[in-house]
Amino acid sequence: MFALIGSEFAKLKRTLVPLVCIAAPLCAATFTLLFVLRLRGGEQWLNLLGEGAATWAFFLLPMSITALTILLAQIEHAPKMWTHLLSLPAPRSTIFAAKVVVAFGLTGVMSVIGYALIYAALWLGEFVKPGVQLVGDAQFDELALAFALMAAGAGLMIVVQLWAALRFRGFAIPLVMGIVGTFAALALASSVRGVLLPWFIPTYVLTLQQPSSQIAIWFGAVGGVVAAVAMVFHLGRQERFD
Amino acid sequence: MNWAISTEGLTRRFGDRTVVDGVSLSVPRGGVYGFLGPNGAGKTTTIRMLLGLIRPSSGSIQVLGRAMPRQRLAIARCVGAMVETPSLYDHLTARENLDQPRRVRGLPTSEIERVLSIVDLTGDSRRRVGGFSLGMRQRLGIARALLGRPELLILDEPTNGLDPAGIRDMRQLIRDLPSRDATSIMISSHLLAEVEQTASHVGLMFQGKLLAQSALTDFLALAGGRIEIGVRSAQKARQVLSEFSDGITLVDAERLSVTPHPKRTPDAATINARLVGAGLVVYEITSRPATLEDVFMKLTTDVA
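Top line first, the protein sequences correspond to chains P and C.
The first sequence finishes on residue 256 if you use our numbering, and the numbering steps up by one all the way, no holes.
The second sequence finishes on residue 306 if you use our numbering, and the numbering steps up by one all the way, no holes.
A couple of the hints might just be wrong.
To give an idea of the chain C side of the interface with chain P (calculated C-beta under 7 Å), a few residues [stated by the list, open to error]:
(1) V85
(2) H93
(3) T95
(4) R97
(5) L109
(6) P110
(7) A280
(8) V284
For the record, the hints were derived by calculation from the structure and aren't laboratory data.
It should be emphasised that the depicted structure is a prediction, and the values quoted were computed from it without experimental measurement.
Glycine included, each C-beta is placed from N, C-alpha and C at the ideal position.
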């Protein structure tokens with residue numbers, strides 16, 4: 015399994031995956047910076063961090079997961095690639111499980127980069143915009159926890175997107191799912207039914223003080239694990255004719 | 003006999019269509035088995051079942067003495083395969099493409115150098131595969147199949163897309179492997195002349211069925227060769243020779259082809275004497291051994 019995970023990461027060399035992992039957090043940081051540059055005076059760290067986290071949770075996290083999972087799957091959708099992969103001396107389930115691990119890993123990496131770049135953007139904004147002053151507690155622990163929970167809550171979304179991307183040779187279906195899911199999540203903002211939509215679940219981190227939000231995050235994380243097991247079982251048993 | 007591959011009544015259906023129908027293969031160890039058949043005969047589906055990629059509808063498979071699919075992992079460790087055109091990651095170099103299966107097979111990195119040198123790609127090992135010619139890709143596919151010195155190599159149409167020099171190199175490689183690494187090889191192909199030059203044993207698939215299989219020499223004996231005769235009047239010569247064979251065909255006004263009958267057809271000298279005795283001018287008698295194409299045409303025409 016470790017060999018498969020290692021080879022999955024090795025395959026990403028010279029693909030767009032590293033670029034997505036940098037570009038998505040950089041976008042979140044850029045939006046945050048632009049917000050700071052509009053300020054005229056002091057502002058609470060808490061509010062600005064909230065802006066950055068919301069941009070990440072509502073838009074950039076689901077879109078980047080859509081892109082990442084499509085890229086991960088498209089590597090294998092070349093003609094005869096499944097024939098090669100599935101004839102390797104490794105259990106078929108581990109081949110798909112390795113993909114899940116890589117998708118989770120990349121989401122984690124993006125989250126860490128996003129966390130760091132949002133702070134960098136805030137400090138840069140304070141530095142370049144005269145008169146702007148960030149006040150209050152910098153909330154390092156709180157934002158780290160928020161990003162970690164968003165990544166965990168995105169588990170179900172990651173697996174659903176990856177499942178579709180691996181199942182279908184073309185990228186149109188997972189792409190449409192990702193776009194529709196992301197915008198449906200925006201439409202569902204503040205709805206209690208959002209928990210049913212995997213793309214919406216990470217946004218519950220923004221209202222974590224509510225018990226229902228904590229349940230939603232748990233649902234996303236545990237649901238991701240359960241869906242991953244189902245995906246590995248389904249794809250592992252499927253006969254592929256590429 | 004100790005078989006590299008042995009199947010019993012192997013059948014695969016897709017809906018109500020039977021693509022592979024009761025195939026009982028016997029691929030000997032240490033030889034090159036040519037798996038012949040036209041496109042759509044069921045060769046690739048059979049190979050997919052041998053590799054555990056798809057399940058048979060019925061029948062059993064033994065590969066290297068182990069049951070497929072129950073012992074797929076143990077079998078996969080000892081088998082290298084290339085199914086049709088090799089699938090390669092274009093964005094990676096040749097070496098990186100080999101590194102992925104090497105890791106999964108738990109082999110040392112020196113194995114990459116070994117297989118690259120066998121297929122003569124050492125000098126291009128750090129180039130991206132996206133810029134490789136079809137022949138280079140095919141060779142890299144073979145190199146990947148050779149990782150770990152497999153006991154059995156299954157190659158589906160290995161000469162597809164190769165130029166004449168590439169085909170010659172591939173032929174030599176396939177001939178050398180059984181003695182070099184004690185590898186048993188199964189080559190699937192529709193290029194009969196190519197298989198005839200490399201295989202020690204042959205099996206012929208047609209419309210999902212295995213029509214025949216045996217050692218190449220026995221297989222060629224199924225068609226029995228031909229005697230080609232150049233004579234001034236082929237029509238008259240046919241009448242003269244009609245008692246010797248039922249298989250006499252006019253090639254043109256001055257040429258006949260005689261399919262020898264095992265008991266009735268005499269040797270070339272006797273045929274010549276008979277024709278000359280009938281007042282015919284004979285200017286050529288050639289005995290041609292059977293080719294795979296002859297056997298193929300004979301067997302498939304019988305079925306069709």
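Hints versus structure:
no. : hint : result
1   : V85  : holds, 5 Å
2   : H93  : holds, 5 Å
3   : T95  : violated, 9 Å
4   : R97  : violated, 11 Å
5   : L109 : violated, 10 Å
6   : P110 : violated, 13 Å
7   : A280 : violated, 60 Å
8   : V284 : violated, 55 Å
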